[in-house]
Every structure is written in structure tokens, then in C-alpha cells.
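> So the chains spell out like this:
There are 2 protein chains.
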Amino acid sequence: MELTEAIFQRHSYRGAYADRPVPREHLRQIMEAGLAAPSGCNKQTTFLIGVDDRALLRDLLDIMDPPACATAPAAILVLTRRRIAYTDGNGVPRCYAVQDYAAAIENMLLTVTALGYASCWIEGHITDADEQGRRMAERLNVPAEYELICILPVGVPLDDMKLPRKRDFSQRACFNGWSITPF
Amino acid sequence: MELTEAIFQRHSYRGAYADRPVPREHLRQIMEAGLAAPSGCNKQTTFLIGVDDRALLRDLLDIMDPPACATAPAAILVLTRRRIAYTDGNGVPRCYAVQDYAAAIENMLLTVTALGYASCWIEGHITDADEQGRRMAERLNVPAEYELICILPVGVPLDDMKLPRKRDFSQRACFNGWSITPF
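Protein chains in written order, with my numbering: chain A, 1 to 183; chain B, 1 to 183.
One chain only, chain A, in its complex shape:
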């Protein structure tokens, strides 16, 4: 698929998935796209676990409360290791781990779209107060220095996409000086 088509077709999908497995080579292709994203000072702070074992995936999805993407046939779990990239002029340590994993996730969502699947960036749901991500990480035997921050379901969507309302270009962008209409 053309890049532009993937960028504008990508949307968060929260509906049901078809009961159809995702071939391992597709999952790997999506993950390789994620790992090709840039990272601050090339620290490569993002790590991925693909899950296509149905029993394991069931265990992980059962941790989610309220349930989400319960019918997904596969998923990619995104982990971060918050390494310091460098220390700035005021002695403040700078870490770009969030930027790193967000760029990786966007590459994966675009590749999911290009392969004809749907997904949704599920982060807050598992990183909020009740730490569902930490329990998923324990189930996967993830070492303590890696933090599980996102689950991306992967599968063939059964429903239509619901498109969010987006602001006009002129409300978010301008040229050669500030002239954006605030919202």
C-alpha cells in the first residue's frame, strides 16, 4: 500500500475481530516496521513481544478490566526500557523512551493497515492506577527493568471504522508565523 493511503486509512478500531489467525510472517513484518523507527541518540529503547498463542493471549486479555479487544486473534505488546540518552547543560538527565515507542507504534499501526488488519493503540487502559500492564508483563516473565506500556491487537475487523472528528488544517497548522485559530 502507498504510504499516504496507509496514513489516512489508519484509524483506531474498537469493534470485534474475525476468528481468523494472523500468519506469523505478518506479525513479524509489523514488528520489524516498529523496530525501524528512529530513537533518541539511537538508544533503541523499545522492545516487542508478538503473541499468537491463543491460550496465552486469552490469559493476557483476561487481565484487561474493563475488557478490550477481547476477540483479537493476535497482539503485539510494546515494552520500554527508560534509558537516559544524555544529561543536558543543567545536569538534567534526558530520556526519549516515550518518543521512541510512540514512533515505533505509529510505524506498526501503518503496517497493520497496509496488511488489511485493524488495531488500536491501547496504552492508558493498561498503564493507569491498577497496573494491568505490570500483571501482563509478569505473565510473560518480562524482567523488571522493562515496562509493558501498550497492547496492539491485530486482526481482520468485522465492523466499520468509526472516524473521529478532526479539526481543520487551519486550526492546527499555519505557515511562517503563528496564525492558528485556537480551539
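Calculated from the structure, these hints are not laboratory results. Because the structure is a prediction, the values reported are computed rather than measured. There may be inaccurate statements among the hints.
Unchecked claim - When the alpha-carbon atoms are kept at most 25 Å apart in a straight line, the in silico PhoX-like pairs for lysine-lysine are as follows:
{"no.": "1", "chain 1": "B", "residue 1": "K162", "chain 2": "A", "residue 2": "K43"}
{"no.": "2", "chain 1": "A", "residue 1": "K43", "chain 2": "B", "residue 2": "K166"}
{"no.": "3", "chain 1": "A", "residue 1": "K162", "chain 2": "B", "residue 2": "K166"}
As the list claims (entries may be wrong) - Distance windows between CB atoms, simulated:
{"no.": "4", "chain 1": "A", "residue 1": "D59", "chain 2": "B", "residue 2": "N141", "range": "50 to 58 Å"}
{"no.": "5", "chain 1": "B", "residue 1": "R94", "chain 2": "A", "residue 2": "E145", "range": "20 to 28 Å"}
{"no.": "6", "chain 1": "B", "residue 1": "D65", "chain 2": "A", "residue 2": "P164", "range": "24 to 32 Å"}
{"no.": "7", "chain 1": "A", "residue 1": "D59", "chain 2": "B", "residue 2": "D88", "range": "40 to 48 Å"}
Each residue gets a CB set at the ideal place from its N, CA and C atoms; glycine is no exception.
Given the structure of chain A, go ahead and fit chain B onto it with the hints provided.
For chain B alone, coordinates are given in the frame of chain A:
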């Protein structure tokens, strides 16, 4: 350009740029790709200023110390408004502004690549202790609640890309449980 080609061809470029203008419609196409990225709870916290006025661009680049992308014929400045997406179960306000702008930047870098240009994600350089981004924002009359966090130069590269060494797939990814070789 195909999505996969753009993802694997994209690299940070720190060399000189050709003295060739970037048509406004290309700049706008890149910015629209950025605004099409997802945002946490659809808060649309990312804002963009395209700069193709040479005198203004000169003023902005002159703020950068040490200099960077000094020969770029155009640039896109990325701004964020750190709005709270929601408050979690422990009463902690959650904000996804960093994730939002990082996904937008990745979409723009891919589109830059597809159009035959080069760029580089310049963030720490202008957000560190000496606050060069804040001075750029003042030059552009940006209101105080918007933070200028990144400059993306855009132009035709004159030099070859220098490719960073990236870890193997098995050092950053695995399937169905933790089996990554740490580095």
C-alpha cells in the same frame, strides 16, 4: 512510495541540503500527514508551523547553538499543548501529548522520505537547558500555552545517509513470552 519502502528508507540526515526550494504543496502534504496521526483520547495536542520564508528561517536557525541543519531551505516546527486527556483511578492526570507529537513526527518523516527529501528529528537540541525552542517560539509569536519542541528541516540532501547500527530482531523482539537477549 510504498509504506514499507518509506519505513526502511527513512534515516536521520545531518548533512548539507541543496539550495532548492520546497514547494508549499509538498510542505503542506507533509504537515497533513502529521495531523493525521492518532492522539490520546483524540485531544489533537500537536500543532505545526511550516516555514518556507527564507529570512524567517534564517532567524530561526541562527538561534540554534551549536548550529544544525543550517542549509535547509524549509522546516516544520512542531508544537504541543499539554492538555490532560483524563484523570486515572488514583486521581493522577494523564497526558499523552508526547506520544501524540511523536506519532505525528514519524508520519511526517515518512512523508518527507517518500517525497525525496531528507530530515532529522531535532528535539533535545532545542528543548534542553538553554531553551532555544522557547526563543524560536517567541520569534514566531506563539502563545505561551504552546511549547515548541521539535524542528524538522526539509530539503534535498546533498550527501549520503549515514546509517546507525541497529540491534538484531532477536535482541529487541520475541514471540509468546520473554526471550530477548539483553544488550
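> Against each hint, give a clear statement of whether it holds in the structure.
Against the structure, the hints come out as follows:
At most 25 Å may separate the alpha-carbon atoms for a hinted pair to count; K162 (chain B) and K43 (chain A) meet this at roughly 16 Å. Our distance criterion of 25 Å between C-alpha atoms is met by K43 (chain A) and K166 (chain B), whose separation comes to about 9 Å. Restraint check: the Cα-Cα separation between K162 (chain A) and K166 (chain B) comes to about 37 Å, which exceeds 25 Å; the hinted pair is violated. The beta-carbon spacing between D59 (chain A) and N141 (chain B), approximately 54 Å, falls within the hinted interval of 50 to 58 Å.
A C-beta distance of roughly 23 Å is found between R94 (chain B) and E145 (chain A), which places it inside the suggested range of 20 to 28 Å. Between D65 (chain B) and P164 (chain A), the C-beta spacing of about 40 Å breaks the proposed range 24 to 32 Å. Judged by the Cβ atoms, the range 40 to 48 Å given for D59 (chain A) and D88 (chain B) is violated: they are separated by roughly 24 Å.
In this structure, the hints that do not hold are numbers 3, 6 and 7, in rising order.
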